[in-house]
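With chain A's structure known, arrange chain B on it following the hints.
There are 2 protein chains.
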Amino acid sequence: MGEFDLIDRYFKRPAAQAVLGVGDDCALWAPRAGMQLALSTDMLVEGRHFLSTVSPEALGHKALAVNLSDLAACGAKPCAFLLSLALPRVDENWLAGFSKGLWTLADQFHCDLIGGDTTQGPLNLNITVMGEVPAGQALLRSGAQVGDDIYVSGHLGDARVALEVFRGNLSVPTPVFEAARLRMERPTPRVALGQALRGLATSAADISDGLLGDLSHILKASHVGAVLEAARLMHLLACGEELALPMQDQLRWILTGGDDYELVFTAPAALREQVTQAGVLAQTPVTCIGHITNGSGLTLLDTEGQPLAHDFVSFDHFA
Amino acid sequence: MGEFDLIDRYFKRPAAQAVLGVGDDCALWAPRAGMQLALSTDMLVEGRHFLSTVSPEALGHKALAVNLSDLAACGAKPCAFLLSLALPRVDENWLAGFSKGLWTLADQFHCDLIGGDTTQGPLNLNITVMGEVPAGQALLRSGAQVGDDIYVSGHLGDARVALEVFRGNLSVPTPVFEAARLRMERPTPRVALGQALRGLATSAADISDGLLGDLSHILKASHVGAVLEAARLMHLLACGEELALPMQDQLRWILTGGDDYELVFTAPAALREQVTQAGVLAQTPVTCIGHITNGSGLTLLDTEGQPLAHDFVSFDHFA
Chain A
2 MGEFDLIDRY
12 FKRPAAQAVL
22 GVGDDCALWA
32 PRAGMQLALS
42 TDMLVEGRHF
52 LSTVSPEALG
62 HKALAVNLSD
72 LAACGAKPCA
82 FLLSLALPRV
92 DENWLAGFSK
102 GLWTLADQFH
112 CDLIGGDTTQ
122 GPLNLNITVM
132 GEVPAGQALL
142 RSGAQVGDDI
152 YVSGHLGDAR
162 VALEVFRGNL
172 SVPTPVFEAA
182 RLRMERPTPR
192 VALGQALRGL
202 ATSAADISDG
212 LLGDLSHILK
222 ASHVGAVLEA
232 ARLMHLLACG
242 EELALPMQDQ
252 LRWILTGGDD
262 YELVFTAPAA
272 LREQVTQAGV
282 LAQTPVTCIG
292 HITNGSGLTL
302 LDTEGQPLAH
312 DFVSFDHFA
Chain B
2 MGEFDLIDRY
12 FKRPAAQAVL
22 GVGDDCALWA
32 PRAGMQLALS
42 TDMLVEGRHF
52 LSTVSPEALG
62 HKALAVNLSD
72 LAACGAKPCA
82 FLLSLALPRV
92 DENWLAGFSK
102 GLWTLADQFH
112 CDLIGGDTTQ
122 GPLNLNITVM
132 GEVPAGQALL
142 RSGAQVGDDI
152 YVSGHLGDAR
162 VALEVFRGNL
172 SVPTPVFEAA
182 RLRMERPTPR
192 VALGQALRGL
202 ATSAADISDG
212 LLGDLSHILK
222 ASHVGAVLEA
232 ARLMHLLACG
242 EELALPMQDQ
252 LRWILTGGDD
262 YELVFTAPAA
272 LREQVTQAGV
282 LAQTPVTCIG
292 HITNGSGLTL
302 LDTEGQPLAH
312 DFVSFDHFA
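For the protein sequence lines, the chains are A and B, in the order given.
Mapping the first sequence onto my numbering, position 262 (from 1) lands on 263, and the numbers just tick up by one.
Mapping the second sequence onto my numbering, position 150 (from 1) lands on 151, and the numbers just tick up by one.
Read the hints as simulated data drawn from the structure, not as lab findings.
Misleading hints may appear alongside valid ones.
No copy is singled out in the list; a pair is fine if it fits within one copy or between any two copies.
[Claimed, not checked] EDC-like cross-link-like pairs, simulated, lysine to aspartate or glutamate; straight-line CA separation at most 20 angstroms:
no.: 1; residue 1: LYS101; residue 2: ASP9
no.: 2; residue 1: LYS221; residue 2: GLU243
no.: 3; residue 1: LYS221; residue 2: ASP9
no.: 4; residue 1: LYS13; residue 2: ASP92
no.: 5; residue 1: LYS101; residue 2: GLU4
no.: 6; residue 1: LYS101; residue 2: GLU58
no.: 7; residue 1: LYS101; residue 2: GLU305
no.: 8; residue 1: LYS78; residue 2: GLU58
no.: 9; residue 1: LYS13; residue 2: GLU58
no.: 10; residue 1: LYS101; residue 2: ASP6
no.: 11; residue 1: LYS221; residue 2: GLU4
no.: 12; residue 1: LYS78; residue 2: ASP108
no.: 13; residue 1: LYS13; residue 2: ASP108
Same shape as in the complex, but just chain A (with noise of 0.2 angstroms):
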């Protein structure tokens, strides 16, 4: 099968809001009136961004979900992706059930997939999602305020639950493994929540390398600090109570797990009743897990109030 043949019959559908979608030089674009565009890319390397044993059809979930997760963090609505990929091979097998799970995850969404490019390489998958926020209403990182209150949405550090069973690192009950992994494989961008969010959020950003990481770049654009309360982040961890497991071991992975897709970000905390409204609305979970301070730090408390030494790093590609 050639490259034309292997897009037509995997990745050419109409699109159903783009002038132009896959199949000319470029797709076309009727941007609507008042509204800006967001624009977020992420490419997914196999060893790094998953592992050889994924499904294709998780796989092609995570590659469009992890780009969602940067629309949501901002706020905006979902339209339209492009899609790059690196195949070793034509195999079509993976092409039908990677297809099919980046088509079942933009459906849920309403997201057109316009263009893209095919080539043989290493595996390299590569999106481009493009999403709309009406003019000025973007949720940033730079706007979090002294006293705000920081929530996270969801759960976090299941995902490396998962990656450390896979690296045999540790051993868990099969149906915990099998959410965790869930959590690691088939994420899920909290893109009704980024929405709900707007006018309420003071900033947000989603978090990919670990809560500790994506904050710390909202403390660094807003330049504020934080104190985060041990207490409220222990049963983030949606595994934690099956798991015996030492509270340190829990709280780093809740801090600097990884691969959450989740949404930090911050509100007045005069509006406390409109954030969890706004999760209701959303049906996603959200939690308070600290706040905003004076300063550049970033300080811990245990669960009796007292700041706890830690030595957490986050996510880098290249460290």
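Quick look at chain B alone, frame taken from chain A:
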């Protein structure tokens, strides 16, 4: 050097036109009223799109140039791009050269780098480019009409001559090789010509896989056929006169060489003057090479006007 230092040092500059550039979860772009956005993405892999011998600076140029060429083909003005890089390791010399080549071309076309991703992995470069075109004025592949002239810009086949020298299949004088190598490693995207052809050309495509292959996309999308005249094609190989090569070989490279990044386009015969003017305005040679016919075939006429048997095929990444 970590991932974020790398981005700060080599890939972060204030974006001139974007609402928000590199450094948040998404970039933000405010579309201008009456404009449609043209989007395209191209992935470059070592050994397939470039040789390991290429200088990083030339590679930075080429990675963006092949994307700008897609914008040129639809008559769009370049605005912004997103860059994804998988790098085997952090090599500051490489990054300095690559970013220099990239910025130089980006500046030439006032095209902002507004986002991206970096990760560790087998060398892979993906750029997604965005341009703007007045609503309804984009050049598509589907508009060619029976009787239209067929044109190409610039020169064809020289990049392939350089590739054949690199492969050891051909030996040419050094100055000829250096000129051909420039065509291979530093293609010139025909951005000005593409915009000048708005309202004149009935269809257009860029020539990345070879003239025959890319013209065939136009024929298929427009449901028409074509006649090409060898006599008009022969002088398109810039280094042709200096090479004592069989005419058949020259013609093969002109028709199927690949990596040319010229435009192939069609325009009504009544607009010949204006097309010539557009070429002058864009400081880009344009050559009429044939015309559009009824039916679906592509006929190549020899210098006597007789149909020439040909078995030329165009480049396919998976063939």
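Each hint tested on the structure:
For a Cα distance limit of 20 angstroms, the shortest separation of LYS101 from ASP9 inside one copy, 14 angstroms, qualifies, whereas the shortest one across copies, 37 angstroms, does not. Proximity of LYS221 and GLU243 under a CA criterion of 20 angstroms is satisfied in neither setting, with 36 angstroms inside one chain copy and 60 angstroms between copies. Taking the shortest alpha-carbon separations for LYS221 and ASP9, only the inter-copy value of 14 angstroms comes in at or below 20 angstroms, while the best intra-copy value is 45 angstroms. For the homomeric pair LYS13 and ASP92, the shortest alpha-carbon distance inside one copy (17 angstroms) is at most 20 angstroms, but the shortest distance between copies (38 angstroms) is not.
Taking identical chains as interchangeable, the C-alpha atoms of LYS101 and GLU4 lie at most 20 angstroms apart only when both belong to the same chain, with a minimum of 19 angstroms there against 32 angstroms between chains. Taking the shortest Cα distances, LYS101 and GLU58 sit within 20 angstroms of each other inside one copy (6 angstroms), while across copies they are farther apart (39 angstroms). With identical chains, the CA atoms of LYS101 and GLU305 are never at most 20 angstroms apart, being 49 angstroms at best within one copy and 53 angstroms at best between copies. Taking the closest pair of Cα atoms, LYS78 and GLU58 never come within 20 angstroms of each other, the shortest separation being 24 angstroms inside a single copy and 37 angstroms across copies.
In this assembly of identical chains, LYS13 and GLU58 lie within 20 angstroms of each other by CA distance solely inside one copy; the values are 17 angstroms within and 35 angstroms between copies. In the homo-oligomer, the alpha carbons of LYS101 and ASP6 lie at most 20 angstroms apart inside one protomer (17 angstroms), although the nearest pairing across protomers, at 37 angstroms, exceeds that limit. When the C-alpha separation of LYS221 and GLU4 is checked against a cutoff of 20 angstroms, the pair qualifies only between copies, where the shortest distance is 16 angstroms, while the shortest distance within a copy is 45 angstroms. In this assembly of identical chains, LYS78 and ASP108 lie within 20 angstroms of each other by CA distance solely inside one copy; the values are 13 angstroms within and 31 angstroms between copies.
When the C-alpha separation of LYS13 and ASP108 is checked against a cutoff of 20 angstroms, the pair qualifies only within one copy, where the shortest distance is 14 angstroms, while the shortest distance between copies is 34 angstroms.
The structure fails to meet hints 2, 7 and 8 from the earlier list, while all remaining hints are met.
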